[in-house]
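Q: Sequence:
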Amino acid sequence: MVVKTVEEFFKLFINTWEGGFQNDPADSGNYVGSKLIGTKFGITPRALAVHRGVAIDTITEKDIRELRIDEAVEIGIAQYYKAPGFDKFKFSPFIQCWIDVAYMSGQGTAIKGMQRVCGVVPDGILGPKTIEAVENYATTRNMKRAVDRFYRDWE
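Positions 1490 to 1644 (my numbering) are the ones given, in order, by the sequence shown.
Since the hints were derived computationally from the structure, they do not count as laboratory data.
Keep in mind that the hints are not guaranteed to be accurate.
To be verified - Simulated pairs of lysine-lysine, BS3-like, Cα-Cα distance not exceeding 27 Å: (1) Lys1601 with Lys1500; (2) Lys1601 with Lys1618; (3) Lys1579 with Lys1524; (4) Lys1601 with Lys1571; (5) Lys1493 with Lys1579; (6) Lys1551 with Lys1500; (7) Lys1571 with Lys1493; (8) Lys1577 with Lys1618; (9) Lys1551 with Lys1579.
Since we're looking at a predicted model, the values are computed, not measured.
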């Protein structure tokens, strides 16, 4: 399925790859301090707290369990698309790959990975050199090859 908007992408991504509520004790993202809270739609207590503008220790298991898909999409857009600066680029399958990495592994990991693929020294900062390199990479390469390289380099 080809998605045309960031909202469509996050809904599809969350529904395809992220499940409902889970509180696996082995998953460090499920904790607030030493208290097991859980995640839903891949949204951690920390991500929910940031989105709602509250202290992380106020997030409860009930808050996570009651999280709606629409709020998870809002969190995804705010924290894993706009916050790292991916909204500076044309929305494309190549950028979707990096949103995926940011969602699963963090913004810094995504930006550094993007920098490596595009030939920039990875410093985790989405500055003018990285923006130019990404735009050049995306426009001078076959998009399918670029996306294939992303998956090959991340295996």
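Q: Can you name, in rising order, the numbers of the hints this structure does not satisfy?
A: Violated: hints 3, 9.
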